[in-house]
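Given two chains presented individually in distinct reference frames, assemble the corresponding complex, making use of the accompanying hints.
What follows is each chain in one-letter form.
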Amino acid sequence: DIQMTQSPSFLSASVGDRVTINCKASQNINKYLDWYQQKHGEAPKLLIYNTNNLQTGIPSRFSGSGSGTDYTLTISSLQPEDVATYFCLQHSSRWTFGGGTKLELK
Amino acid sequence: EVQLVESGGGLVKPGSSLKLSCVASGFTFSSYGMHWIRQAPKKGLEWIALIYYDSSNKYYADSVKGRFTISRDNSKNTLYLEMNSLRSEDTAMYYCARGASYWGQGVMVTVSS
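Residue numbers (our numbering), protein chains in the order written: chain E, 1 to 106; chain Z, 1 to 113.
The shape of chain Z in the complex, shown without the other chains (with noise of 0.2 Å):
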């Protein structure tokens, strides 16, 4: 069965930094590209990065180009989102996929002072 679970997520204030992490299990880690997604309080989804199966190539969204890294570790079957100079309008449901079929259930980010 297919498993993502993040964490790494909490409360921290404007301009401050967090990396989230998402454990993948029940199939081959290293042949899937990766997404994360986020979805801020009662508002629609929102694509934010895309990383290769073997991080080749790296993609972001407008919204966090140059401040979010996406990365993994294929050997620990983990992918990470590091975050910095994060923002209130940063405060969102951060969930990873592994394309359009499976999402986990997501990590809470909330950026306030």
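Same shape as in the complex, but just chain E (with noise of 0.2 Å):
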């Protein structure tokens, strides 16, 4: 089984600043590699498919990145709302998810 492993687990930064989070696999996982944001008490929200495509309505300051087995999730000039979890999943072989990354305001 493919291992996901999220990084880091916990985040603050301020308002405007660029956040980078970053997930590794355990093996080749060909860019087959979704980010979800998930805020409290919703239903995770897809972002990015496949590395590096932006979900229809989300806003262009979040981005992907990666191959092979190290990816990437930017979110370029962090907004208030962008307060959430994030995690990883890859669905190269079945499905695993990175253990998730919790975004706070500094």
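Be a bit skeptical, because a hint or two may be false.
Listed below are the simulated DSSO-like cross-link pairs for lysine-lysine, each with C-alpha atoms no more than 30 Å apart in a straight line [stated by the list, open to error]:
#1 102/E / 42/Z
#2 65/Z / 45/E
#3 39/E / 19/Z
#4 19/Z / 42/Z
#5 31/E / 43/Z
#6 58/Z / 24/E
#7 24/E / 39/E
#8 102/E / 24/E
#9 58/Z / 43/Z
#10 13/Z / 58/Z
#11 45/E / 76/Z
#12 76/Z / 42/Z
Chain Z regions said to be covered by chain E (calculated; three or more residues, Cβ under 8 Å) [what the hints assert, rightly or not]:
#13 40-50
#14 101-107
It is worth saying that the hints were derived from the structure and are not from the lab. Glycine included, C-beta positions come from ideal geometry on N, C-alpha and C.
If you want it as structure tokens, here you go:
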């Protein structure tokens, strides 16, 4: 089974900051990597699919990159409404989620 | 509009059974594979089961294999998760999902004596 290691698990940043969250797969997942945002009490929402494709309706400050085993979610300029927990998901072989990154405002 | 609505959750005792349902609308249900994912309180997400569009293949996480059964009724646009021998560690919000893009709002299952 493919394991996903997400870092950091907790992140505190200021409005306007550039924020990066990383996921590392235990083997090559060929860019089959999605990113989700989950706000308190809500279902996860898809932000980015297949590494770097922005889901419809998601602000352009969100972007994704990576290849092989290493992937990154970037928020170019943090907004207050971005406070949430972020998860990566590999779907190269079955599904495996990363452990999550809780993003808070400093 | 794609909608997925889960039901059937509740409070049950360890060792008991429960069957979750997920009613789909807004798309051709019989054309898509479907997943169940769960999230224990204050924890991360765990994929638990996948069923192909025609029920020809089913896959399970090791944590539920042999205890949980995923099924579907394409005539009713409904996905199911039958859960047996429930344990306290099965306590979680259970979501159904159509691929990565569409998730239901979830249904809570609590296993406690």
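Exercise for the section: Assess, step by step, whether the Cα of residue 76/Z is no farther than 30 Å from the Cα of residue 42/Z, and give holds or violated. Expected result: The hint is violated at about 33 Å.
Handout entry: Straight-line alpha-carbon gap residue 65/Z to residue 45/E, limit 30 Å
Key = Holds. Residue 65/Z to residue 45/E sits at ~27 Å (cutoff 30 Å).
Exercise for the section: Assess, step by step, whether the Cα of residue 24/E is no farther than 30 Å from the Cα of residue 39/E, and give holds or violated. Expected result: holds, 23 Å
Exercise for the section: For the pair supplied as a hint, residue 39/E and residue 19/Z, confirm whether the alpha-carbon distance does not exceed 30 Å. Expected result: Satisfied, since the Cα-Cα distance of roughly 27 Å is no more than 30 Å.
Handout entry: Hint consistency between residue 19/Z and residue 42/Z [alpha-carbon to alpha-carbon, up to 30 Å]
Key = OK: residue 19/Z and residue 42/Z at ~23 Å, within 30 Å.
Problem - Within 8 Å of chain E's CB atoms, at least three CB atoms from the region 40-50 of chain Z: coverage verdict - result: holds (count 5)
Practice task
Assess, step by step, whether the Cα of residue 58/Z is no farther than 30 Å from the Cα of residue 24/E, and give holds or violated.
Solution key: holds, 27 Å
Handout entry: residue 31/E paired with residue 43/Z [C-alpha distance capped at 30 Å]
Key = holds, 25 Å
Practice task
Assess, step by step, whether the Cα of residue 102/E is no farther than 30 Å from the Cα of residue 42/Z, and give holds or violated.
Solution key: Roughly 11 Å separates the two Cα atoms, so the pair holds.
Problem - Hint consistency between residue 102/E and residue 24/E [alpha-carbon to alpha-carbon, up to 30 Å] - result: Status holds; Cα separation ~17 Å.
Practice task
Sort out whether residue 43/Z lies within 30 Å of residue 58/Z, counting only the CA atoms.
Solution key: holds, 25 Å
Exercise for the section: Below or equal to 30 Å on CA atoms is what counts here, so check residue 45/E against residue 76/Z. Expected result: holds, 26 Å
Hint check: a violation occurs at hint 12 only; the rest are consistent with the structure.
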